Amino acid sequence: MIRARQFILGFILLLGMTSLAAANSSRLVADLSKSNIAITSGFHGTDLLLFGAVDGAVGDDILVVISGPPTDIAQRRKANRAGIWINVETNIWQKVPSLYTILATSPIDKITSPETLTSLAIGTNNIGLKIAAETPVAGQPKPTASEFITALQANMASINLWPDQTGNVTLTENALFRAEVKLPANILSGTYIVRVLQFRNGVAIGEDITNLYINKGGLSAGIYNFAHDYSALYGIFAILFAVAAGWLAAAAFRRN
Amino acid sequence: MHRTALYATPDSQIGFIFFWVFPDPPFCVKFTFLMLASMYIYLPIAEISMHIGIIIGLGGGVGFLSGLFGVGGGFLMTPLLIFFGIPPAVAVATEANQIVASSVSGVLAHMRRGNVDFKMGGILLLGGVIGSSLGVMLFTTLREMGQIDLVIKLSYVVFLGIIGFLMLLESVRTILRTRRPGGRKTKLHQHNWLHGLPLKMRFRRSKLYISALLPLAIGAFVGVLAAIMGVGGGFIMVPAMIYLLGMPTSVVVGTSLFQIIFVTANVTFLQSVQTQTVDFMLAGLLLFGAVIGAQFGTRASALLRGEQLRGLLALMVLAVCIKLGFDLALRPDDLFSVELLK
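Chains as they are written, first to last, in the numbering used here: chain B, 1 to 256; chain Z, 1001 to 1342.
So that you can see chain B by itself, here it is in the shape it has in the complex:
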C-alpha cells in the first residue's frame, strides 16, 4: 500500500513538474546552416539559413535577434559655417552592435508589448545606447540624446547594418521554423550572437542562443594581416610592386 501511495504521489509530482515546465519554458533548439563564414576576396555579403524545432502551440511566435560584434561608432553632425557644411560635433558610441537584425513570424509590435521588449533588451532602442564622449559646440542649441539615437539608427539602416525591415520567420505545424538570413557585404569580422525566442500570448517562454563566427579568410585575410602586423614591410612591398608594375607598363609601351 505504502509503495503504491508513493508511486501515485511520485506520478502526480512528475505530472505537475512537466506541466509546469510546459507552462513556463518550452523546448527550443535552433541552428545555422553555416556557423563559420570567411570574408574572402569574392565576398559580397552572404545568405544563410536559420532553422530549428520548437515545442509550440497555435498562435506562437518566433523572434530572432542577430547582433554583430560590438564596435565603437563615431557619429558626426554637420552644420553650416561660413557658407559650407562641416562636421561640428562628434559623439562616440561605445560598444554598440555592429549589426542588428530582427526576424520574426509577425510584425514585432503584434508579438509582444514594448515593455517586454525593453526587459528582454530587444531592439536598438533597448540596447542601452550611451554616448561616451562628445565635443560640445558653443552657442549651439543642443540636440537631445533621442535625436542622436534616431539619427544613429537611420544612418546605420542606410548602410544596411541595422535594417529597419525585419525579415520573415516561417513556423510550420508549430514545430519547425526556418528563416533566411541575409548579411550585407560591409559586416565586420567577429562573433555574432543569434538569439531565438519563442513567444506565447506576449510572453517569452523559450530561448536558444547560437553563435556565428565571421572571419577574414584567404587572400583578403593575408593582405589585411600583412598590412597590420608588418606595416613597414607592407609599405615597402607596395612601393616595390608599384615600381615593378610601372616598369613593366613602360616596357609594353615601348614595344608598341
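Heads up, some of the hints might be wrong.
[As the list claims (entries may be wrong)] With a straight-line cut-off of 27 Å between C-alpha atoms, the simulated DSSO-like cross-links for lysine-lysine are:
(1) Lys-1323/Z - Lys-78/B
(2) Lys-216/B - Lys-78/B
(3) Lys-182/B - Lys-1030/Z
(4) Lys-78/B - Lys-1153/Z
(5) Lys-182/B - Lys-95/B
Keep in mind that the hints were calculated from the coordinates and are not lab data.
For clarity, every value in this text was computed on a predicted model and none was experimentally measured.
Use these hints to put chain Z onto chain B, whose structure you have.
Chain Z only, in chain B's frame:
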C-alpha cells in the same frame, strides 16, 4: 553617406534593368551577364566589396585622360574613389601607391630623351619628402578630429579652382593668338626677387642659377598637398616650375615625374605604417586599368592640338572643382554621418 553610394547600384538592380530591356536573352548572353554581374571583389583594407568592372573601368578611364593630357590623374581618381564609397583615407593613401607606378612608367620615357634634371629633381624631392612627412602627420591628426573629408574637399576646390581657371585663361589666349597672325613673343622667364635668395646653385640642364631654397620650398608645399589630397601634385608642380623657377618646358614634366615617384613612395610608406590605409589590391586593379587606358589616351592625344588639349583639361579640372564645391555648399540630405571605429 559614402558607403550608401555603393548600394545605389547593387547587382540586383542592374540585373532588373538588364532583364527588363532584354526579357529573354539567349543562354550564353544570360550566362555572361550573370557572371559579370557577380564579379565583386572584397577590398581587404577598404573593407568593402566593389564590382571589379568599376575598379578597372575607373583605372582605364582616368588612365585614358592622363595619357591624353599628360597628367597623373590623381586629382580625378581620388575624388572618384571617394564617390564610389572608398573611405577617403584609403582613397588618398592607395592613390599615392598607384601614382608611384604611373610616374615610374612615365619618367622612363623622359629619361631616355634626357629630359630629367636630376639635380633640380633631387632638391625638389628633398623638400617633397619633408613636406609629405608633415602632410601625413597632419592627415592623421585631421582624421582623428573627423575633419579629413572637409580638408580633402576644400583643398581640391581651392587648388583645382585656381589651376583650372589659369589654364583655361592661358589656353584661350593661345588659341586666340594663333588665329591672329604675327602673335607677340614673350621672354622665357622673368627675373624677380625670388631669384635673389641665398644658397645659389647652378642647374645645368635647366639652364638656371637660382637659390636652392626656392625649389626646396616648392617641393615641400607640393609634398604636403600630395599627402593630403592623394595626388602627385604635377598640376601644381609643373606651373610652379615654369612660372616661379623659370625652368625650360622640355625638362619640366620629366623632372616633376622623377620627384613625384619619391614623394608618393614616401606617402605610401608613411600611410602604411601610421594609418594602414594603403589597399594593395585596389591599387593593383586600378593600375591594370590605368596602363591600358593610358595607351589609348596617348594615341588619342595625337589627334588634338596642344592648346585645345590644355583647354579641355582646364574645363575638366573646373568641373571637378565645381562638383566638390557644390557638395560643400549645398545642405546635405542627412546632417548626421557615422563611421565605424575599430
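Structure versus earlier hints - violations, ascending order
As far as the earlier hints go, only 2 is violated by this structure.
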